[in-house]
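Engineer: The residues making up each chain are set out below.
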Amino acid sequence: MTIKAQSAKLIADIKAMATEPFKLMEVCGSHTVAIAKSGIRELLPPNIRLVSGPGCPVCVTDNSDIDRFLSLAQQPGLIIATFGDMIRVPGTVTNLQNIRAGGADVRVVYSTLDALEIARQNPEKQVVFLGIGFETTIPTVAVSVEIAARENLSNYSVLAMHKLVPPVLEVLVMDPELGIDAFINPGHVCSVLGTEPFEFIAKQYGKPSVIAGFEPLDILQTIWMLLKQRTEGRSEVEIEYTRVVKTAGNPKAREYMDKYFTVVDARWRGIGVIPQSGLKLRPEYSQFDAEAKFTLPQPVETNIPGCQCGDILKGRLLPPDCALFGKACTPLQPIGPCMVSSEGSCAAFYRYRGRSYNA
Amino acid sequence: MCLAIPGKVILTTEHTAEVDLMGNRRKVNIDLVADEVKPGDYLLIHAGYAIEKVDEEIALETLALFEEALEKSDY
Ligand code: SF4
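Chains as they are written, first to last, in the numbering used here: chain U, 1 to 359; chain F, 1001 to 1075.
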């Protein structure tokens, strides 16, 4: 069967099963993009509502953290290495791009391996990697610290702003106001974590969840599996993305995370502090911890006036519900991070809005 | 940001592998993969690191999905 025939069959089955309202949340920015791009929302029966969760690591980074690294970037003798998504994310008064235009040394890297290379080539400078990301990315940052330790690269450090997916899911699943019936779990995060950290969604809260791949067909198949669980009165963590995700995840990657990082409370944009939801470097590795090496300003809570990213990240609103969406706030003139990051809900909606506006 | 794509291993050294990533040759770190990595294996690559070894059949299926999806971008 071709992709088209398979999707047509799945959509027909989904329509037949969607007898009652069913609200699904996807918790991965790559899913947000795949859904917006493929137009899946408008192919689904109206009973099925797809909302986006806090699945874009850039978007959930709090304004106070952004202001802190912007201040760090302005210290002399320092090179900031960052994934490209962070470059235009606005803090309270500026962003990395503007600071770079003003003379700061800010470099976009594809990998922490590139950041290490910058450190090797610039021994007289301090290189700070901005550690943004979930469980897919965190093990790669852990390996970079191991390499730095092995090579005695004393000028490499990480500003760890990493976040963990299961604790934020718990906040969302507990919130009765959000009324989420089932979850589309993030495929590559689960390739590291496996199914166990997601069991509570079914066991404690009685809600189905399915670990999904990233093709439109994966997402349709996932929605079908979630509906099937509901129809059969089951709630489990199932894997749709079996071609990558194993039940046990990747234990070696988790070992790396545990060896170099320790769990701390973390502030999520628009959601607030979630206990035990972030990772910082362990004290043993403080020579690679930018927070220990440099003087950073205390985090100050600020809000971007009018920006509804917080409610969008919780699936309470869809981007077009924000009064600034597409007017004051566009990808060229973004007001909030959900419009800057290519995986942010607002950017994904804006880019493909022709198809997704009526969601 | 959590996206990962499969690449085919061309050669390996202690911590790295050179892979063919959709036609481009790239050096990736393999420390996160528990199994032994050999030329011909398929690895799932995220931000310069292999995060998982995948079966050849499955990798080819995934790549075919990518390609079919690319061709039918009117999907
Ligand atoms: S449209 Fe812009 S201002 Fe509104 S929520 Fe999205 S990012 Fe924030």
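Treat the hints with care, as some may be off.
Think about it this way: if two alpha-carbon atoms lie no more than 27 Å apart in a straight line, the pair counts; the simulated DSS-like pairs of lysine-lysine are [claimed, not checked]: (1) 1038(F) / 246(U); (2) 252(U) / 1053(F); (3) 1027(F) / 1053(F); (4) 1008(F) / 246(U); (5) 259(U) / 1027(F).
Don't read these hints as lab results, they were simulated from the structure. Computed from a predicted structure; not experimentally measured.
Engineer: Hint by hint, say whether it matches the structure.
Structural biologist: Evaluation of the provided hints:
no.	hint	result
1	1038(F) / 246(U)	21 Å, holds
2	252(U) / 1053(F)	12 Å, holds
3	1027(F) / 1053(F)	16 Å, holds
4	1008(F) / 246(U)	20 Å, holds
5	259(U) / 1027(F)	25 Å, holds
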